[in-house]
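Visitor: Given only the sequences and the hints, what does the whole structure look like? Please build it.
Residue numbers (my numbering), protein chains in the order written: chain V, 1 to 397; chain L, 1 to 397; chain P, 1 to 397.
Hint data in this document are derived by calculation from the structure and do not stem from the laboratory.
Mixed in with the good hints there might be a few duds.
No copy is singled out in the list; a pair is fine if it fits within one copy or between any two copies.
[Stated by the list, open to error] Taking lysine to aspartate or glutamate pairs in the DMTMM-like style, the calculated list, with each CA pair at most 20 Å apart, reads:
1. Lys342 / Glu315
2. Lys71 / Asp94
3. Lys147 / Glu379
4. Lys147 / Glu48
5. Lys71 / Glu95
6. Lys147 / Asp352
7. Lys325 / Glu298
8. Lys299 / Glu343
9. Lys342 / Asp92
10. Lys179 / Asp148
11. Lys391 / Asp92
12. Lys188 / Glu95
13. Lys319 / Glu143
14. Lys280 / Glu260
15. Lys249 / Asp393
16. Lys316 / Glu379
17. Lys316 / Asp338
18. Lys71 / Asp92
19. Lys23 / Asp338
20. Lys280 / Asp387
21. Lys280 / Glu133
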Amino acid sequence: MSAPDIKQIISRLKELETSLYQKDFLLTWNQSAADLNAVLLTAECLEEMVRANISTRVFQAGLAVSNFRDKSTRTRFSFASASSLLGLTPHDFDESQSQVSHGETVRETANMISFLTEVIGIRDDMFIGEGHEYQQTVADAVEQGYKDGVLGQRPAIVNLQCDRDHPTQAMADLLHLQKTFGSLDALKGKKIAMTWAYSPSYGKPLSVPQGIIALMTRFGMNVVLAHPEGYDLVPEPLEAAARHAKQSKGSFSQVHSMEEAFKDADIVYPKSWAPLSVMKERTRLLRAKESAKLQSLEKEALENNAKFKSWECTEKMMKVTRGGKALYMHCLPADITDVSCKEGEVAATVFDRYRNPTYSEASHKLFVIAAMMMLTRFEKPAQVLADLHKKADRRRA
Amino acid sequence: MSAPDIKQIISRLKELETSLYQKDFLLTWNQSAADLNAVLLTAECLEEMVRANISTRVFQAGLAVSNFRDKSTRTRFSFASASSLLGLTPHDFDESQSQVSHGETVRETANMISFLTEVIGIRDDMFIGEGHEYQQTVADAVEQGYKDGVLGQRPAIVNLQCDRDHPTQAMADLLHLQKTFGSLDALKGKKIAMTWAYSPSYGKPLSVPQGIIALMTRFGMNVVLAHPEGYDLVPEPLEAAARHAKQSKGSFSQVHSMEEAFKDADIVYPKSWAPLSVMKERTRLLRAKESAKLQSLEKEALENNAKFKSWECTEKMMKVTRGGKALYMHCLPADITDVSCKEGEVAATVFDRYRNPTYSEASHKLFVIAAMMMLTRFEKPAQVLADLHKKADRRRA
Amino acid sequence: MSAPDIKQIISRLKELETSLYQKDFLLTWNQSAADLNAVLLTAECLEEMVRANISTRVFQAGLAVSNFRDKSTRTRFSFASASSLLGLTPHDFDESQSQVSHGETVRETANMISFLTEVIGIRDDMFIGEGHEYQQTVADAVEQGYKDGVLGQRPAIVNLQCDRDHPTQAMADLLHLQKTFGSLDALKGKKIAMTWAYSPSYGKPLSVPQGIIALMTRFGMNVVLAHPEGYDLVPEPLEAAARHAKQSKGSFSQVHSMEEAFKDADIVYPKSWAPLSVMKERTRLLRAKESAKLQSLEKEALENNAKFKSWECTEKMMKVTRGGKALYMHCLPADITDVSCKEGEVAATVFDRYRNPTYSEASHKLFVIAAMMMLTRFEKPAQVLADLHKKADRRRA
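Guide: Below, the structure written as structure tokens:
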């Protein structure tokens, strides 16, 4: 696929009627098709401008606040990079000492960190039923602060992973698919297998599979979700996936066999996650600080996982995909058999063959985040990009 | 109050003979009236330039170092925002491993972190008798390093709260009053009640009430300090308050009744703090690492606090203020009864009514810090601001 | 020495055929003479441009990642300052949670943090036989990622101290010598005593003495390494020192007497370090998590150190140097007798006399790091500097 033309991208972006200005990016299924397209186009445009050594500095001052309520390397660096790319000063909010459980305090804190803040990125994926709620509470607080004149500008909340969705990952994955298959149109009718895979670890979030099924069903893909019985996901994205599949004339189905999901698949996404019931119980026990019970829960969950070691993306499993050549995807890091663990999600030879594609897949995230920043913070993002392109200041001397 | 005119602010600033260039901002009572005015005008100017989307980037490189020897959210974000606003790279100095108690080491460390540093902001409010001393030691060290040619520029030390004063808070509060009442002149003769209030917590710093009484007495206000017997403050700001009241033809008095202080007050500032004697004993015990005695001290102090639960800013208490409509102020976070605690400093309905004003009060701090940075680092700050205004580069595209 | 002329520095830099572009700076002994000269010239040029208030912002966006696997104040601030000087956003990588011991993971992590990264600075000096290896692994990973098209640019790895070398320190020291004695040529035939000195601490890295002997022998100096028997260094830099001395017509010798080393020395560098054998055993025990044995090792090592308390840079010792006026050097912080410890590396009066020179010595490090960044990231650094000089944007308004 040849490098897309910057001017062309911008003129396509200009056509879109997006609704992101002065808003947040929390759940892909609450965004319009135009919004999603705008994120893809803006991300691509920024990628091409970086490649062409054109500065995309649109801010001369301002903070981009990150709030990681769970560990992160990839997303943390993507957020810092996106901030740097646009000229914002990244600043991490370590709330270890604040009373975040109290609505009143969230409201106050959200305002206190926002007086010169353009974006607040939040990762909150540990507690089922809480991550999205928290992000929405922060969004409501800064919306109110802006309306009340307390804030001079309205920071956008960007979901860096919650209990329901992981939109910066899913959108980066979508951009990866678009680039791999040539266009969004080319994705129509393609089969993607979002399947559970065995991992010797416990408590992995559900947001990636949820984000993938809810997003890919919008583009006419045939999305198959596969997992052992009991490894259920949160209902909301499942419902969104079913609805989207109908609308887009794609399909959404669920099976309990990795092999069935892989059959003739164009794309496979084998990845471990914890059952919803385990995550709910874990949330309850963490809240109750019942550490003994948490230990038994972990033990049970790992024992249950171990029943499904055959859910591995082996060479044999890859053979059943379309022409044996499905695109392997992963949000990284993958649990690679005999490399990062004894038995894992994927065989080493499979991963090795797709290592570079998965790295490229990850490379889009910073541009997706930067795109979300631009679209939420500028009323006419296409014009802003066009001005940058015309001015053509060098990013590096 | 209509938005002040940027040109007018700058021309007023140009008239002032300030002494802040190549100096520090440690205690308001050691600054001239012109210096204080210059901080207010520069802060206002920066606020207006941000509102007008004019870039205030005056540095293309350089560090703004922060050293928080106590927890901070508001001031931390204000400092980072101020740095970003002027183009400096904020960098936090985590000294957990260095030997700060030794003068020699402070001198060396101060130089080592300053080779490209324009500002060092320090919060050191835990130990009575030490915070200001430490800041002065750092200031002396960089002054010497600059004179000796070791440092190419002389970083300004900005007091982000010490045991004696909290000048960025007090100056932000003053700017809030100026904006609320229309001018500094309008503050003459106004009664402000800086009063202790009950809180179920212990060891709260004394620097806010000290900063308020020492600063507001300079502007012809009638300042009443109220607290239960025994909740004394450090002598130096008390003496400054008395001196200033005399000079400004305002007044300064102390009472032991919240109600008496609130009587006909135009402004009330009800806030908890620990008695000086408790803070001294706490300092001693912390130094001696006597944790058992620290626990009994905390218990006693909390029990003593509990005798004064009636010191709460209730609706009834507000009624005795001028027309029942005094301006409620707080440095935040407030201990709000039935919201953040069972019994606290202020009733929920009172706080709710003044929520937005207190948020706005807090919003000034970043501009006050940025103003201190500009005035200490530029010989002709009015000219620098005039150049920015004329150039009118956009802060955001 | 009068200030060097910026144009002259740039034209000298232009003459050099350096090989640093798209490479790393890991060990001085693997760099050509032209590379070392280029670092010195570029560092000097940046120093002069800062002095002349000329902006050296060559990046409008991009990260400078630091990875401190050991404590650091001086180098940490130097790295952040160098990043700010060139316009990069410093970002610290806290890998406390990642599996760095595994090659596969290092490769992946190195790519994941590099999508918009220009430089990765790494300090890894704790484990003998591992620090340099780790840095090389990261370098290989980003080289591969760049070749594979995963990374849009190839970040340079800058060694901020490893088990073998401390090149940013040694190069800053060399620049200090050049400025003190007038030129690199003037260093020919000068005697420098790199000697062990007593310290009441344990486990100090070997990289400074190793870096000094391997580097200074390249400039025709007479380098004497002195330490008590048993306080051996790593072989590789020792061999490099011997080789360099031969090539440069200087000399390299080893003695077991501080006094002998100091005899007629022009420069003395008395500094404590741990014996190689102790560091190796410590590495082994740390890996094996044998904390009881680690404690005995520390006890034994301290007892052994205590036999050599006479290895102190006293006034008497200084008297035997050339004219009693050798230049005293130290990477700081020094263990100063009666100041930072009861008995240490240097007498207080000696240190006091050389305090400012040692501070100046330290001041060069940020410019050395910035020079390494520029030379590794730009194909024609002399042209980039010439453009900056011609444009002459102000660093501060």
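Visitor: Please go over all the hints and tell whether each is borne out by the structure.
Guide: Consistency of the hints with the structure:
1. Lys342 / Glu315: within (17 Å within a copy, 62 Å between copies)
2. Lys71 / Asp94: Answer is both; intra-copy 12 Å and inter-copy 11 Å each pass.
3. Lys147 / Glu379: Answer is within: at 17 Å inside a copy they meet the 20 Å cutoff, but 39 Å across does not.
4. Lys147 / Glu48: Close across copies (18 Å), not inside one copy (36 Å); limit 20 Å.
5. Lys71 / Glu95: So lysine 71 and glutamate 95 pass the 20 Å test inside a copy (14 Å) and across (10 Å) alike.
6. Lys147 / Asp352: Only across copies: lysine 147 and aspartate 352 sit 16 Å apart there, 52 Å inside one copy, limit 20 Å.
7. Lys325 / Glu298: Neither, since 36 Å and 58 Å both go past 20 Å.
8. Lys299 / Glu343: within (17 Å within a copy, 44 Å between copies)
9. Lys342 / Asp92: So lysine 342 and aspartate 92 fail the 20 Å test inside a copy (36 Å) and across (32 Å) alike.
10. Lys179 / Asp148: between (43 Å within a copy, 16 Å between copies)
11. Lys391 / Asp92: neither (32 Å within a copy, 32 Å between copies)
12. Lys188 / Glu95: For lysine 188 and glutamate 95, the Cα distance exceeds 20 Å both inside one copy (44 Å) and across copies (41 Å).
13. Lys319 / Glu143: neither (51 Å within a copy, 32 Å between copies)
14. Lys280 / Glu260: neither (28 Å within a copy, 54 Å between copies)
15. Lys249 / Asp393: Answer is neither: 44 Å inside a copy and 49 Å across each miss the 20 Å cutoff.
16. Lys316 / Glu379: Cα proximity of lysine 316 and glutamate 379: none, with 51 Å in one copy and 47 Å across.
17. Lys316 / Asp338: Only inside one copy: lysine 316 and aspartate 338 sit 17 Å apart there, 63 Å across copies, limit 20 Å.
18. Lys71 / Asp92: both (13 Å within a copy, 15 Å between copies)
19. Lys23 / Asp338: neither (45 Å within a copy, 32 Å between copies)
20. Lys280 / Asp387: Neither way: lysine 280 and aspartate 387 sit 49 Å apart in one copy and 59 Å across, limit 20 Å.
21. Lys280 / Glu133: Classified as within; 15 Å inside a copy, 44 Å across copies.
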